[in-house]
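Protein chains in written order, with this note's numbering: chain A, 1109 to 1418; chain B, 87 to 343.
Read the hints as simulated data drawn from the structure, not as lab findings. Computed from a predicted model, the values in this text were never measured in an experiment. Quick reminder that beta carbons are idealized off the backbone N, C-alpha and C, glycines included. Wrong hints could be hidden among the right ones.
[Stated by the list, open to error] One side of the interface only, derived from the structure: several residues of chain A facing chain B at Cβ under 10 Å:
| id | residue |
| --- | --- |
| 1 | V1189 |
| 2 | N1195 |
| 3 | V1207 |
[Unchecked claim] Chain B residues, not near chain A, derived (Cβ > 10 Å throughout):
| id | residue |
| --- | --- |
| 4 | F143 |
| 5 | L209 |
| 6 | L290 |
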Amino acid sequence: MSALTIRNLTKTYANGVQALKGIDLEVKKGDFFALLGPNGAGKSTTIGVISSLVNKTGGDVSIFGYSLDTQRSLAKKQIGVVPQEFNFNQFEKVFDIVVTQAGFYGIPAPLARERAEKYLRQLGLWDKRDKQSRTLSGGMKRRLMIARALVHEPELLILDEPTAGVDIELRRSMWDFLTSLNEQGKTIILTTHYLEEAESLCRHIAIIDHGIIAENTDMKSLLEQLQVETFVLDLARPVTEAPQLEGFEVWLRDAKTLEVAVPKSESLNTLFVELARLNFEVMSMRNKANRLEELFVRLVEQNLPGEQAS
Amino acid sequence: MSAREQWVAFLTLVTKEIRRFTRIWPQTLLPPAITMTLYFVIFGNLIGSRIGEMGGFDYMQYIVPGLIMMSVIQNSYGNVVSSFFSTKFQHSIEEMLVSPMPSHVILNGYVVGGMVRGMLVGLIVSLLSLFFTHLSMQHVFITITVVVLTAALFALGGFINATFATKFDDIAIVPTFILTPLTYLGGVFYSIDLLPEFWRTVSLANPIVYMVNAFRYGVLGVSDVNVYASLGVILAFVIAFYLFALWLLHRGTGIRH
Chain A
1109 MSALTIRNLT KTYANGVQAL KGIDLEVKKG DFFALLGPNG AGKSTTIGVI
1159 SSLVNKTGGD VSIFGYSLDT QRSLAKKQIG VVPQEFNFNQ FEKVFDIVVT
1209 QAGFYGIPAP LARERAEKYL RQLGLWDKRD KQSRTLSGGM KRRLMIARAL
1259 VHEPELLILD EPTAGVDIEL RRSMWDFLTS LNEQGKTIIL TTHYLEEAES
1309 LCRHIAIIDH GIIAENTDMK SLLEQLQVET FVLDLARPVT EAPQLEGFEV
1359 WLRDAKTLEV AVPKSESLNT LFVELARLNF EVMSMRNKAN RLEELFVRLV
1409 EQNLPGEQAS
Chain B
87 MSAREQWVAF LTLVTKEIRR FTRIWPQTLL PPAITMTLYF VIFGNLIGSR
137 IGEMGGFDYM QYIVPGLIMM SVIQNSYGNV VSSFFSTKFQ HSIEEMLVSP
187 MPSHVILNGY VVGGMVRGML VGLIVSLLSL FFTHLSMQHV FITITVVVLT
237 AALFALGGFI NATFATKFDD IAIVPTFILT PLTYLGGVFY SIDLLPEFWR
287 TVSLANPIVY MVNAFRYGVL GVSDVNVYAS LGVILAFVIA FYLFALWLLH
337 RGTGIRH
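Kindly produce the complete structure, drawing on both the sequences and the hints.
In structure tokens:
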């Protein structure tokens, strides 16, 4: 079953900007889905339309089979949205914000309070329940928005840049929380600029740019498209020039650091055998960029100049 | 959304609105109490004692219904215009837009929130007026009907103003340049019968004249205009404003791109 189906979605703003040029997208129930794209690509507009914050120009959106046009109320009950910007009343108390949101979904007050406690505890905010929301740290505010989005227990959770500006420890704990939600059966759609985040959490991915879907596939297939991976090697002793290795491109970044482009057809063993033969001792190695990042940059660069010109 | 769920959502929004204006009571409930007490002291006691009678009542008694009405108008309007605009400004309106609440529930919640504040301030001002004069209610049904309809009308006006507003200046323009002059020229402090014929006719185009007079009729039993015509005018405005506000909300004017 599809959690989200988008057909030929278009959006032209009043100023004439065509943000979406006919998007088709399907997210399966239970999926962990990444929607990626550079700034201004149309991600937030897409999420805005799905969550009824932006009026679409054309096309159809349905959530768990409920059309946003004809079964709006049922469709909306299935979605929880965590926006990019803080969008709660800064003067209201944390507990009131979550309980009020439940009320907007028609959940009676006793159950709303019970749910608010459950999610505030899960997100480590129970101690802050009587604080005005403006007194929370940035990370706590993000968690508050997640608690608020979950209080009506939606089947589809949409998070727009949930870890932007969040420290590494909190980001990891949010990843764990989202993973456990997904394991419980919730469908999750995520937009992020941290491609490492998308790679480690998501099973399917769509890349949107200039209002069109540039790529829509599962993560494994996408990563298999990567023909060359670049590694950074830290050497034990300084060298003056990069070694010539057959089948590999090698650059000297500084006296003790090499960058090596490894084609998919070559094994890393061959590389190390060759380096050892030339008496290069490698102390450590790492990817130059996240694999998804390399692909993302390539896809976006490939896709767009021609697309724009046409 | 079932009728029961809509009722829960409506009550949630009304509670939120009441919680808002009671939390900031020094900005919402106290100023009108002080302002109106000053009106009672200066216009009623000091100046009023030299004016003598108006409409068969001493001046203090004559202006009290108008001042109560003025409080209801200003506070119903002010509550909704500032609350709804702040919600837009802080983007917390998105909490309602993503929810399944239908447009009429959102509108009703804000309007009732504004009415509650308007009528609460009206009650506070009425109680304060008892320190200065004697008040009795000649026509209870008319008094209550006029207050409720007037509060609803100006709450709707505040909602429409906030819908179009894009900056804080925009929510001050209507109260300053339209509402206040219409209120002061709406027969709060004088009977429009005192005006020359031309200005009396012009005054009849001011809807606040009908509200103040209908309310004065309910309290004192005197009015410059036909009371039932007044009720009809107010009701017609309420219906027109409600439908317009609902249409704006449904379209997403000023709130959805």
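Against the structure, the hints:
{"no.": "1", "hint": "V1189", "verdict": "5 Å, holds"}
{"no.": "2", "hint": "N1195", "verdict": "4 Å, holds"}
{"no.": "3", "hint": "V1207", "verdict": "8 Å, holds"}
{"no.": "4", "hint": "F143", "verdict": "44 Å, holds"}
{"no.": "5", "hint": "L209", "verdict": "26 Å, holds"}
{"no.": "6", "hint": "L290", "verdict": "40 Å, holds"}
The earlier numbered hints are all upheld by this structure, with none contradicted.
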